[in-house]
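Using the hints provided, position chain B relative to the given structure of chain A.
There are 2 protein chains.
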Amino acid sequence: MTTKGERTRESIIDASYALFAKKGFKQVTMKDVCDVTNMSRGGLYSHFSSTSQLFEALLEKMTERSETDIQEATGKGASALSILEESFASLEEETGHPEDSLSIAMLEYAQTVDAHVMEQLNRIGAEKWKKLIRYGIKRGEFKAVDADEIVNLILYSYQGVRMWSMVSPMKPEVYHSITENIKRQLIGETR
Amino acid sequence: MTTKGERTRESIIDASYALFAKKGFKQVTMKDVCDVTNMSRGGLYSHFSSTSQLFEALLEKMTERSETDIQEATGKGASALSILEESFASLEEETGHPEDSLSIAMLEYAQTVDAHVMEQLNRIGAEKWKKLIRYGIKRGEFKAVDADEIVNLILYSYQGVRMWSMVSPMKPEVYHSITENIKRQLIGETR
Chain A
-15 MTTKGERTRE
-5 SIIDASYALF
5 AKKGFKQVTM
15 KDVCDVTNMS
25 RGGLYSHFSS
35 TSQLFEALLE
45 KMTERSETDI
55 QEATGKGASA
65 LSILEESFAS
75 LEEETGHPED
85 SLSIAMLEYA
95 QTVDAHVMEQ
105 LNRIGAEKWK
115 KLIRYGIKRG
125 EFKAVDADEI
135 VNLILYSYQG
145 VRMWSMVSPM
155 KPEVYHSITE
165 NIKRQLIGET
175 R
Chain B
-15 MTTKGERTRE
-5 SIIDASYALF
5 AKKGFKQVTM
15 KDVCDVTNMS
25 RGGLYSHFSS
35 TSQLFEALLE
45 KMTERSETDI
55 QEATGKGASA
65 LSILEESFAS
75 LEEETGHPED
85 SLSIAMLEYA
95 QTVDAHVMEQ
105 LNRIGAEKWK
115 KLIRYGIKRG
125 EFKAVDADEI
135 VNLILYSYQG
145 VRMWSMVSPM
155 KPEVYHSITE
165 NIKRQLIGET
175 R
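These protein sequence lines map, in sequence, to chains A and B. So for the first sequence, the working numbering puts the first residue at -15; every next one is plus one. So for the second sequence, the working numbering puts the first residue at -15; every next one is plus one.
Just chain A, with the same shape it has in the complex (with noise of 0.2 Å):
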């Protein structure tokens, strides 16, 4: 069961993505978390004791969420093609809305953490990719592919796209041929 206090906790933490995204990690206040929460200041550090935990909640959730949804999808046998272009589709999606990406937040974040919490956290979402990619192998859905390489070329080529759409504006084409390029190595030549 879902507390009050939980629920309050919950929405804090949703409400303050936007104001990660926004401003990225350093700039954001506690001052500011009360005035998108309609909070008071006693309130808020009841759950949090300072925006450095708030945001660590924040991603530990966006993590969740996703693991969550691979792990629903793959217990109710989906096809792992599906499952795979649903998260590519993602991908993308963030990509060309740079403005709602908590990328610069997270670097940010990064260098006022121990190097651990950001390793640790990169493997969480490694675990994720290389989940769905064993799932396909094992379905035969994707060819038998070093699954750690791929989750590899996944993972760091969107970082990459990431920050350089930071810097210039990116075409949509430009990062689609990277996951079409990763989707034919699984699936095979396709065209």
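Hints listed in this document are in silico derivations from the structure and should not be mistaken for laboratory results. Among the clues, some could well be false.
No distinction is drawn between identical chains; accordingly, a pair holds when it is met within one copy or between any pair of copies.
As the list claims (entries may be wrong) - Okay, derived cross-link-like pairs now, DSS-like style, lysine-lysine, Cα gap no bigger than 25 Å in a straight line:
1. K155 to K114
2. K167 to K127
3. K167 to K114
4. K7 to K112
5. K114 to K127
6. K127 to K45
7. K60 to K122
These numbers come from a predicted model, not from an experiment.
Then chain B, alone, in the frame of chain A:
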């Protein structure tokens, strides 16, 4: 013929590399450049009017050099695979030494200039790889891949790797797996 003025200009550019790699772009002052070059303010300003102009000249020089290397090698009829392997080796070498990399400086510099300056630089970087891939296809060494697609994969995955390696230490296996993947796409399955 190279004049004394041109030689001085070149030596300023060369000496400033380590400075930008170490301090990024924003924190470098003209005074810092005077210090590392042992030049007077007046002497320095007769060549560059700002750190911005100096950094731009540095980026241009680096881009030209890597263009020239490829052009010389293809001009001599070197094998495309050997040029590719050398280029990947430099990429991996540079990635393994983030302290010698200009990535942070470039990111900071990008925020101060018009987007088209960075687009232009990106295009020049892409051209170099594209020429090499087309050269390999023409020589029958590489498969008939989509050169644009492979170039996007090379540029953005390494952009992502470099960015992430500033956030947390990265094992060479990780980025080596990416160059191996791309190499396999170019020359065909070899494992």
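Now the hints, each set against the structure:
For a Cα distance limit of 25 Å, the shortest separation of K155 from K114 across copies, 18 Å, qualifies, whereas the shortest one inside one copy, 28 Å, does not. For a Cα distance limit of 25 Å, the shortest separation of K167 from K127 qualifies both inside one copy, at 10 Å, and across copies, at 18 Å. For the identical chains of this complex, K167 and K114 are neighbours both inside a copy (14 Å) and across copies (22 Å), given an alpha-carbon limit of 25 Å. Taking the shortest Cα distances, K7 and K112 never come within 25 Å of each other, neither inside one copy (28 Å) nor across copies (36 Å).
For the homomeric pair K114 and K127, the shortest alpha-carbon distance inside one copy (14 Å) is at most 25 Å, but the shortest distance between copies (28 Å) is not. In this assembly of identical chains, the alpha carbons of K127 and K45 never lie at most 25 Å apart, being 32 Å within a copy and 43 Å across copies at closest. In this assembly of identical chains, the alpha carbons of K60 and K122 lie at most 25 Å apart only when taken from the same copy (15 Å versus 48 Å across copies).
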